[in-house]
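With the hints as extra help, turn the sequences into a complete structure.
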Amino acid sequence: MASKTPGVVDWSKPGGNKEDIDPSLYRGMTLSSFTSLSMGPEPLITFNIGFPSRTLSALTETRHFLIHVLKASVGGSHVADAFTKGNAVHTISEGEDGKEVVVNTAFHQARSHEHMNVRVHEMEHVGQRGVPLPLLECRPAVRAVLECQILGAGDRAGGGLIRIGDHVLVVAKVTGIVKGVGEHKDANNILSVNPSNTRGLCYRDGAYARAKKLSGAAGSNGKRARNQESEDATEELDD
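In our numbering, the protein residues as written are 38 to 276.
For the record, the hints were derived by calculation from the structure and aren't laboratory data. All C-beta atoms in this analysis are idealised placements derived from N, C-alpha and C, irrespective of residue type, glycine included. Heads up, some of the hints might be wrong.
Pair ranges (Cβ atoms, derived) [to be verified]: (1) S73 <-> K216: 19 to 25 Å; (2) R91 <-> D242: 42 to 48 Å; (3) R91 <-> S70: 18 to 24 Å.
See below:
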């Protein structure tokens, strides 16, 4: 079974100051999918999170987050794989006092990619201080980064967090796109787009993959042609 766009990392942080960049305090997860819900009067997206969840708790507190849309590349799969279990924190005891030291998180794993730059990005919002969130900058891995804010009670009755069974449906508005992330400029400093480089990451049959460009011709036996296209819809990743 194929899942569309698993290459999405949702980043948020439960409070704190811009100067505080301890990776263990941030929350992130790989989403199996997120969906465009509406484009007017403002763009809305939606996805779901299992309950309970540390990432959900951070989203509930901050109401702001970044979505990293990952490229269909080895780098994109590296980032997606790092966050499949959220920002799990592994510690060791060190010294006579038994002090716990953070040695590895999903944040550290993503940062281990040779082209990865991690910095704090401050989301602006009206009438309040900016919200500091970790931004992953890696052209071989990240296609785009969306700034998002969960709907409030004034936007929709009950707000943008909807409890359904053991999951919570998150509805958020896209307030901006982080400039410069995922862009590539040629020797003349002009933005260039290579379609084979900008496809979103897919996950199918237990492996990360890239969607193929499908031909629109179904032939006389349309159903059979569509089934064949479905079987051959993805291909292996390359560097």
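Consistency of the hints with the structure:
1. Checked against the hint of 19 to 25 Å, the pair S73 and K216 passes, with Cβ atoms roughly 21 Å apart.
2. Checked against the hint of 42 to 48 Å, the C-beta distance between R91 and D242 comes to roughly 29 Å, which is inconsistent with it.
3. For the pair R91 and S70, the beta carbons lie near 21 Å from each other, so the given range of 18 to 24 Å is met.
Against the hints set out earlier in the document, a violation occurs for number 2 only.
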